[in-house]
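> Assemble the complex: chain A is given as a structure, and chains B and C must be docked to it using the hints.
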Amino acid sequence: MYFLKRTLFLLPLLLVISFLAFALVRAVPGGPFDRERKPASPEIERNLRAKYHLDQPLWQQYLRYLGGLLHGDFGPSLKYRNHSVGDIIAQGLPVSIALGTAAFCFALGAGIPLGFYTAARRGRWGSYAGSLLAVLAICVPSMVVGPILIMLLAIKLRWFPVALWGSPWHLVLPTLTLGLYFAGRIARLLHAGMLTTLHAEFITTARAKGLGETAVLLKHALPIAVLPVLSYSGPMLADLLTGSFIVENLFQIPGIGVFMVNSSLDRDYTMVVGLVLLYAALLLVLNLLVDFACAALDPRVKYE
Amino acid sequence: MNSHTPSAGAKPPADPSPNQRAWRRFRRNPVAMASSFLLGFLVALILVWPLFSRPPFAPHLPRALTHAPNAVSDAQFQPPGPQYWLGTDVHGRDLLSRVFSGARLSLFVGLVGTAVSLVIGVFWGAIAGYCGGRWDAVMMRFVDVLYSMPSIIFVIVLITSLNAVLAKWQSGPAPLPDATARWLQFTALFGGLGAVSWLTMARIVRGQVLSLRHRAFVDASRVLGAGHFRILWHHVLPNVYGLIIVYLTMTIPSIILYESFLSYLGLGIQPPEASLGSLIASGTEQINSIRIYWWLIVFPGGMLALTLLALNFLGDALRDAWDPRSEN
Amino acid sequence: MHPWLRTLGSIPGAAVCLWLLAACSVAEPKADLVVINGPDPQTVDPALATGIEDLRVINGLFEGLTRYDPVTARPIPGLAERWEISRDGRVYTFHLRDKLIWSPGQPITAGDLVYSWLRVLDPRTAAEYAGQLYYVTNAQSFNNGRLKDPSLVGVHALDSRTVRVELNSPTAFFLDLCAFQTLAVVPRQVIEKQGDQWMRASPLPTSGPYLLDGWRLNYKIRLRKNPYYWDAANTRLDLIDFLSVSAPNTALNLYDTGQADVIWDLTNIPNELVDELKKRPDYHAFPYLGAYFFRFNTTQKPFDDSRVRRALALGLDKKRLVTQFLHAGERPADHLVPDGTAHYTPAAGLGYDPDQARHLLAQAGFPGGKGFPRFHYLFEGSGGGGRIHEQLGVEMQHAWEEQLGIHMELAQMEKKVFLAAQNHLDYDLSRSSWIGDYNDPNTFLELFRSDNGNNRTGWKNARYDSLMSQANLQTDPARRAALLQQAETILVREELPIVPIYFYAGFTYFNPARIQGIFPNILDVHPPNAIWKVERREAEGGATSAVHH
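Chains as they are written, first to last, in this note's numbering: chain A, 773 to 1076; chain B, 28 to 355; chain C, 72 to 620.
Please keep in mind that the hints were generated in silico from the structure rather than gathered at the bench. Misleading hints may appear alongside valid ones.
[Unchecked claim] Derived pair list, reagent style BS3-like, types lysine-lysine, alpha-carbon separation capped at 25 Å: (1) 823(A) with 219(C); (2) 350(C) with 928(A); (3) 195(B) with 531(C); (4) 928(A) with 349(C); (5) 264(C) with 823(A); (6) 195(B) with 372(C); (7) 390(C) with 350(C); (8) 604(C) with 296(C); (9) 604(C) with 350(C).
Okay, chain A solo, but in the shape it has when bound (with noise of 0.2 Å):
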């Protein structure tokens, strides 16, 4: 019941979403066409905003954005006069997924272990360690990673290409660039969700009946402490799929992730709503499904 509201809820939602960024874009100083070469005569400037409809009111403005949604049509891109937004996203979102999902699964793949591990050797100095290259992840910076990377394993090894997309080599980099700082923080949350649950009855209740340490861990603990980091996955795989600007700059990977930094910089007014309303659908479906997931795991959450 609660689900099926908030599933009614999603389009009102978006609707108010794509206001509040169409707007807002607008609302900030500068415009799409203001460059270093101004043109030739003020009214080359009249006839550009008569194209794009930016010399009407707001309202009118987004009513017939709104009209076009309603044909899928999201609009002309202003940057890329003869791209449409939809096609732009359309070349960039399986890039980006593509990349993302891999980030996904090395942020999973790497980070759940390592909370794992700290969490149960807690106390020696194996789980200092551990920590200790959690929080490094956490720490450098992808800007950094990245260019160590390339430098180490792409240039002086060369097991690696440089830059650039179209095999499963040119993945990898980018994925370890982009997943380090995710898996980091997994470890982290895993290990502080862990450290909690091993404190609760029901894992008393488990020792005493006499189970393994490792048995108590891995059936008992895991399923409970894993919950925070499912709660973060939700927001953590959106961020993944609409692309990484660092990552997607530094290795010229043709994903939306770049298109989300430049659009508004640019102000590329239809592109920034375009993507602000893919972003925010991605996030309010995975959300959604986060939370069934959590409830469906966890019998002390009650939605109402």
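Relative to the frame of chain A, chains B and C by itself:
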């Protein structure tokens, strides 16, 4: 007569309060003490450093310690040496003093941004989780709406609008003193950063509170007649502290790192000031296969990593110490 | 097995599937030449293009009446094989070549040219560079919407192979303009059918040496040889890839690992490495038609006083500035029009004289810099690469503090905010640059006419305007050059609403033992069909791409 009546002459040991117990546990943890000392030392050094280049101290210290962070010289790209312990950058500015002034700015950014994010996020999430029902729905939908906007847009809006307002003001009849103008710019930056990170905190807190709400001890307090606020403050939140503290120790780094991302885009701390983030951003341009001015990355990056490491381990220890169930 | 372990185990499984999926990208043939073009081209529609990265691609796709000579960048016959110019210099008659076709059965006619130019001028197209055609009679009125009938604009097709153009006044550089991207011929038959997104048409006929074989945004544009081009016999390379690379270090890495053959434009390599790269034979730098300068806001005290402006210019040691940070052969500039501009001797500027500067400043009422207000230098942040604006700003700040005792603050702003501030004259000093559109001093000097939208300094000088107008009515090149020089003298020696700092260096990076046909001309244009690869007897080892002829 109860068993607590002291026998003649001897005073019974007072029962230590939970805070005192927590503090004692904290002190017994070697990693905790090491991190706090390291952090304390770093902070002290960072605060004291600007004094080194000024008259009372300058003549008595080795030359290498008395450079001002923004002093330009002809010694471009010097590797670490006796005159410049950490080397110099493209303008011949001493890296050692820049790293310290950058660390001060970064820590400030992190603390202020986190404070903003903490205050808003915890209260929002706790209230939403505790009230449940329609309140929860409305509050979390609000979070969802804000969350669904890529934070970069808000940041750009905030920063550029303030830039534009300031530019107009400064070229007008009554320009502000530059220091004030710069602090206004930084405030916009911190405000923006804080405003984008409270959302996750709210979500996490709300999730925890939601699962704690129906626990026995909450019902028990209610039966005993405790008001909602009291329950929230004294019973529910303490159970969330652990998660909050860990999340906090992850938020400070993420705010500092986000600031370095903004510097990469040209939106962060403006020159000639530097933060660790902007030092790292300009340092990464030096990583290539031909010639690397390694000191421009290693030292700022190392300082950042050291600070964040200390913060993280400290956070761990705090959580361990204050966790009401970690009595062993 | 515990359900959790199963879920966890599926993660590596998913990873492997992804790995294989990523391998499923369709294999395409390798290009003959891979060029790193720089920032992503925003459009390849000649009417809409504005940036140099757009131009480089359009140069291969669409041609106009004239085209650029690869060696000298002078205009040579393109689609037009010859032309006549009237005695007063106002009427041009172009004769198109025989047998020009879009595709078999579809000739390129004079009507197509007229259509292309009128399309640029049509207000509905909203072409930003419509101003390039304002030299044609009635063009500006048509573009403003005042004139509704396009047939009154001074370009007409006399028959299917003859075009007649009427100009407002003799324009010495008109043939250069005809080679400019905005004036290229576009396929009317496709545009009329498809509208704004006509580039997606397949097949897409083009008037130039190459066809558009693929365009992936923020990645690469692929060009394929156009067999119907009139000079197809001399087009040596079949497939050319233009890569959009935003990070300079990435560009260099791609080149060093053999994945790119050419890099052009200096912003595409890391500035700090230039002095290392200079030692390699791949490095080619040459004079370029671009200037880096800063503007004064002459409506703002104390910069309304030309003595103050001259003082600031005299107090700047541009040689030192340039040699500190720029190693690509950029030359310090005392005047605005770059050296090497055709048929022109630039004016003499002010040079470096700190004593004179202090003297002037004292004369203006600020002896020793006392009483001089704090002022700001605005510049845009260059994120992700190159911090040259900041670096120069810091040096300028230092120089003026030391020499003149005045204090300048740096104000870095986000690009669009910076442009808006500059447009509204909300600044004291602001950074600027200008790349010439055609090889003539007019492209630089006309900027500072009182009514020019790119003036952005608030400076109005009637003498300057009249000199410029007179110069552009002159048919005698020597007299014209003299008049223009006089105008420039006012600009850079007497009044100084701007202070030139340096001239850009054109830059190309390629191995001349493998690639030929890229020449160092002042416009930095490199028509793709002039480029070819050297045929080798023995095979080359290593990761370099295969050699084709």
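> Please go over all the hints and tell whether each is borne out by the structure.
We went through each hint and held it up to the structure:
Proposed proximity of residue 823(A) and residue 219(C) is supported: the alpha carbons are some 17 Å apart, at most 25 Å. Of the supplied pair hints, the one linking residue 350(C) and residue 928(A) holds, its CA atoms being roughly 22 Å apart against a limit of 25 Å. Taking the CA atoms of residue 195(B) and residue 531(C), the gap is near 23 Å; set against the 25 Å cutoff, the hint holds. Restraint check: the Cα-Cα separation between residue 928(A) and residue 349(C) comes to about 22 Å, which is no more than 25 Å; the hinted pair holds.
Annotation: proposed proximity of residue 264(C) to residue 823(A) holds, straight-line Cα distance about 19 Å (limit 25 Å). Restraint check for residue 195(B) and residue 372(C): the C-alpha separation of about 15 Å stays at or below 25 Å, so the hint holds. The suggested pairing of residue 390(C) with residue 350(C) holds, with an alpha-carbon distance near 22 Å, which does not exceed 25 Å. A hinted pair counts as satisfied when its Cα atoms are at most 25 Å apart, and residue 604(C) with residue 296(C) qualifies at roughly 15 Å.
Our distance criterion of 25 Å between C-alpha atoms is met by residue 604(C) and residue 350(C), whose separation comes to about 23 Å.
Hint compliance for this structure: every hint is met.
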